[in-house]
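Trainee: Okay, here's what each chain looks like letter by letter:
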Amino acid sequence: MKKSVKAAAPQPLSIQEIKETKSTAPSDVWELRLYVAGQTPRSVAAFANLKKICEEHLADRYNIEVVDLVKHPQLAAGDQIVAIPTLVRKLPQPLRKIVGDLRDTERALVGLQLRPATSE
Amino acid sequence: MSQNGQVKTSMGRVTQGGAASRSLPKAPTGIQGLDEITGGGFPRGRPTLICGSAGAGKTLLAMEFLVGGATKFHEPGVFMAFEETAPELAQNVRSLGFDLDQLAKEKKLTVDFVRVERSEIDETGDYDLEGLFIRLNSAIDTIGAKRVVLDTIENLFSGLQNEGILRAELRRLFRWLKDKGVTAVITAERGEGTLTRHGLEEYVSDCVILLDHRVTDQVSTRRLRIVKYRGTAHGTNEYPFLIDEDGFSVLPVTSLGLQHRVSDERLSSGIARLDTMLEGKGFFRGSTILVSGTAGTGKSSMAAHFVDAACRRGERCLYFSFEESQGQIIRNMRSIGLNLEAWTKKNLLQFHSSRATFYGLEMHLAIIHKIVQEFEPQIVVLDPIGSLVQAGNERDAHTTLIRLIDFLKLRGTTAFLTNLTSGGDAVEKTDVEISSIVDTWLFARDIELAGERNRAMYVLKSRGMSHSNQLREFVLTDHGVDLLDVYVGPEGVLTGSSRLSQEAREKAATLARKQETERMERDRKRKREALEARIIALRKEFEAEDNEAERTAAGAVVREEVVAEDRKTQARSRGADKGKDRVTGSRGNVR
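Protein sequence lines correspond, in order, to chains A and B. Positions 128 to 247 (the working numbering) are the ones given, in order, by the first sequence. Positions 1055 to 1645 (the working numbering) are the ones given, in order, by the second sequence.
For the record, the hints were derived by calculation from the structure and aren't laboratory data. Even glycine gets a Cβ: it sits at the ideal position worked out from N, Cα and C. Heads up, a few of these hints could be off.
Claimed, not checked - Pair by pair, the computed Cβ-Cβ distance ranges are:
#: 1; chain 1: B; residue 1: Thr-1248; chain 2: A; residue 2: Lys-198; range: 19 to 27 Å
#: 2; chain 1: B; residue 1: Glu-1137; chain 2: A; residue 2: Pro-221; range: 16 to 24 Å
#: 3; chain 1: B; residue 1: Gly-1253; chain 2: A; residue 2: Glu-158; range: 35 to 43 Å
#: 4; chain 1: B; residue 1: Gly-1253; chain 2: A; residue 2: Lys-217; range: 18 to 26 Å
#: 5; chain 1: A; residue 1: Glu-158; chain 2: B; residue 2: Trp-1230; range: 57 to 65 Å
#: 6; chain 1: A; residue 1: Lys-198; chain 2: B; residue 2: Trp-1230; range: 13 to 21 Å
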């Protein structure tokens, strides 16, 4: 249960590219990728909201990779990123995308299929 | 000057008044015709909206704009596709001769496929389209693109739910594109009662082009209209356009004026007697010649003669036939002694046969336009123009023809049109009522007389020359068309065998008169001979009498001398005086 937190470029607001690995079977691990564009308040909020959701629902079973398109614009095409921020659930399959700052936790959970759309 | 203007506008300053259309910088599309009607292309550094229904040709127009920029104007381009993937696009335009892969390798054109799949996207909270901006920016900067196509950005509306955000972001996007200084083309689907389904025309307001694909009477026609073009005087008409194996071409025909140059050169009609009727020189080069007449009056034959004469001069001719195939025309014209096939082999003559109903009028116009531009003929024959009415209605056909004639005039191409007059109508009338715009109008008609139907023709009008006002009989022989004088007599105009019999009668009468004259001549000669004979006889008679008289006179003298001698002898013998009284006496007696 080690958390490897890699520091991004020195910025006043700290969004960090986080790689979290876990010893359980790979199928259990959630591969999440958050696309942002620079250190905007919205990006920061999205990262914070994502972190919170993962901690609550996927504790120790997730990897979050933050991709800053300002630095790596060529990465946008691969996941067909149009909107920012976009969270991509690479694993488990199928691929899901959630756009927005994840402010609405309930909808984010539905989007991540951590909660069925109809229940609760 | 224009350089100045360009700098000004690109810096966002407003150029004033009439100079605006000249100084507004344009990005040429390289599409035939479109640059003409837009005054040079799309507004440089600004977005242009192309809207139209599905299948109207939006993507193709946009792609040609990019490929044209990349290949002709050294302006690399980015194609952001929201509908088709890069391989699909490449495949679709390969048939038009565009090799997107090669252009991509040369870093002249990039295709970026943007897929927004609603089913796999959820939205929660705020977002923006910075991802799109970044992708676009990266693509633009990678190849130094000057042109951008967004095809069809409205797809975002189906992929993303928050319309408020989308609208704000699109507004920002178009602003951003302007700031970036790229010439952008945005395509959009046409909406119900609006230009675009999502009202993009609100944001893109510099230039809006509408493509239309209409089907009327089972005939489809593509049309293009410039709805709006800020700072440029543009035609407001609908222009027909064509999508074929060479891509997109617009026909700016309605923008033509009457500024064509005029030629004084004369062209033989190929029929010597017809030339004679036209001041002995024939038609003017670049004029429009119409031959109208009822069925079977030899209109096509006249066209063929004209073509033949032109080919003999080494000029190129285009023959558009709407009723007969090439083979049929060649065979038929061979029967009047014209070998058109030889000219087709020398590539001086091209036939284009198609049923008038096969395409719409605009399509016909477009095809004619295109072929004329490719082949660059000096002479174009349309046989017959009345068929075009079948492809549209009479009014459309009328405007189409006027546009076509204007187009040909502008090129200095001589147009030879034939038109079938149906029996019921007033004869000196064309179906499509273009008689007022033709320069030379030959009218062929048939004359029914004495159980025969014969062809006759006359020059109804011919601008700028003093033409003959006479009716000529038109005879098709195995060595071509012949024009003969018709017999005009108390019974009216006689043609055919009536003319022949009249001619025969005249000939007989002439012969009779001639024979009479000859006979009289012979009589006179005989009389003269007789008279001369008598004169000779009389002279002989007189001479004979004259001789006789002379002889008698001489005899008398001799006798006198003999008598005188006798007397002298007698006197001598008598011994009388000699000398003077004997001589004088004898002389005196004789005299």
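Trainee: Looking at the structure, which of the earlier hints fail to hold?
Mentor: 1, 4 and 5
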